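> Need the complex rebuilt from these two chains, each delivered in its own frame; the hints are there to steer you.
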Amino acid sequence: KAGVTQTPRYLIKTRGQQVTLSCSPISGHRSVSWYQQTPGQGLQFLFEYFSETQRNKGNFPGRFSGRQFSNSRSEMNVSTLELGDSALYLCASSSEGEGGSPEAFFGQGTRLTVV
Amino acid sequence: GQNIDQPTEMTATEGAIVQINCTYQTSGFNGLFWYQQHAGEAPTFLSYNVLDGLEEKGRFSSFLSRSKGYSYLLLKELQMKDSASYLCAVSGGSYIPTFGRGTSLIVHP
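Chains as they are written, first to last, in the working numbering: chain A, 1 to 115; chain B, 1 to 109.
Okay, chain B solo, but in the shape it has when bound (with noise of 0.2 Å):
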């Protein structure tokens, strides 16, 4: 079975740096993906990690660390428009991934 963990709500200021933590527990291994949800829309893809280190792509950043079951996603210079829910997924054996009940995260001027 597989089970992901992440805090259920953030909150931070415009402007200033936010880390998501996620912890996994999963049989099997294929990657890391993380995803972003407005209220009242679809997830879309914001990064996927299969080996240990951090990606960066703009404002986002994602470290995976596979020994640890760890990852986390980095969120810079925080707008407003940057409040959603943070959606951690572990694609295992099966390459499915199993998604956590994500992160509320709160911007707030």
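Chain A with its partners taken away, still in its complex shape (with noise of 0.2 Å):
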């Protein structure tokens, strides 16, 4: 089973600029939660899709938005980029809330740098 898979690995944007960030999740996953990781702060949650719906929601500016598509693929956006936004993007998967394992799965992140 493969896992979960994140794109593009590594990014350098302007700041104004927008980004976007691509997430498949684990076959057979319906949730996935999207994570900004940064040294000072730890992981942070941004929000959760699931079904295509956004179930859950970090304390974050609307200029973090983000999608599921029928398939499960998720896509986060970031708006006019600031130096701040500067991270370790992290998408998880799970089952949890199906009767599955409650057990997050890990992406190897999208490494952001905002100049």
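Simulated from the structure, these hints should not be mistaken for laboratory data. For clarity, every value in this text was computed on a predicted model and none was experimentally measured. Just so you know, not all the hints are guaranteed correct.
[As the list claims (entries may be wrong)] What follows is a set of in silico ranges between Cβ atoms, one per label pair, in the way DEER data are often shown:
1. B/Met80 x A/Thr38: 24 to 32 Å
2. B/His108 x A/Lys13: 32 to 40 Å
3. A/Ser27 x B/Gln25: 35 to 43 Å
4. B/Thr44 x A/Phe60: 22 to 30 Å
5. A/Arg67 x B/Ser67: 35 to 43 Å
6. B/Thr13 x A/Glu52: 48 to 56 Å
7. A/Glu52 x B/His108: 34 to 42 Å
8. B/Arg66 x A/Arg9: 33 to 41 Å
9. B/His108 x A/Pro39: 18 to 26 Å
10. B/Ser65 x A/Thr80: 40 to 48 Å
11. A/Thr7 x B/Pro7: 29 to 37 Å
12. A/Thr80 x B/Ile17: 48 to 56 Å
[Unchecked claim] What the simulated footprint calls covered on chain B by chain A, stretch by stretch (three residues with Cβ under 8 Å from a Cβ of chain A suffice, anywhere in the stretch; the number is not a length):
13. 87 to 94
14. 97 to 109
From the three backbone atoms N, C-alpha and C, an ideal C-beta is built for every residue, glycine too.
See the structure below:
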């Protein structure tokens, strides 16, 4: 079974630009969550999608958005990039809430650098 | 809201035993996770505790006390490859785990 796949692995963008990150969950997993990881703040929850609907949302500004497609693949978008958005963005999939195992499986992440 | 606290850094010697503590305050509780994350890599699942007590899995064990809002991860027979960040995460009412900032464990010879 393939793991969680995130693309691209690395990205450099300029302040003010926008960026779209992609995540393909483990086959059969319908829950996809996004996290931002920085050295100072650790792993912070952005949002979770389940069956194409945003089910939970963290405390991030509206510049951060996401969506999920019918095949459970998910994308997150950050508009009007700021230097502080430089971070590792991690995607995780799970079968939680469907009677499956509760643990989340993480992708390798996308390292975003804003210059 | 949820608050999770764990030490920032710990050091230990190869072959020794180390205990990484995690205290939490949450609204609702569905379970507590421990993840391991090597530098530059994705977090990987180690353990999940729902009920009080000790769960043993090879060299790693995890303990939970729900009444005290406390957990620990015990690593035995430390190896150099155990040098990593260990993340404590609590699943509350929404099933979405909230992560602590992680404990960086350095194992030296």
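> If a hint holds in the structure, say so; if it doesn't, say that too.
Status of each hint after checking the structure:
1. B/Met80 x A/Thr38: 24 to 32 Å: Between methionine 80 of chain B and threonine 38 of chain A, where Cβ atoms are some 27 Å apart, the hint holds.
2. B/His108 x A/Lys13: 32 to 40 Å: 39 Å, holds
3. A/Ser27 x B/Gln25: 35 to 43 Å: 36 Å, holds
4. B/Thr44 x A/Phe60: 22 to 30 Å: 25 Å, holds
5. A/Arg67 x B/Ser67: 35 to 43 Å: 41 Å, holds
6. B/Thr13 x A/Glu52: 48 to 56 Å: 50 Å, holds
7. A/Glu52 x B/His108: 34 to 42 Å: Given range 34 to 42 Å: violated, Cβ gap about 49 Å.
8. B/Arg66 x A/Arg9: 33 to 41 Å: 39 Å, holds
9. B/His108 x A/Pro39: 18 to 26 Å: About 22 Å separates the Cβ atoms of histidine 108 of chain B and proline 39 of chain A, which means 18 to 26 Å holds.
10. B/Ser65 x A/Thr80: 40 to 48 Å: Holds, at about 45 Å.
11. A/Thr7 x B/Pro7: 29 to 37 Å: 35 Å, holds
12. A/Thr80 x B/Ile17: 48 to 56 Å: About 49 Å separates the Cβ atoms of threonine 80 of chain A and isoleucine 17 of chain B, which means 48 to 56 Å holds.
13. 87 to 94: Since 4 is at least three, the answer is holds.
14. 97 to 109: holds (count 6)
Of the hints listed earlier, the one the structure fails to meet is number 7.
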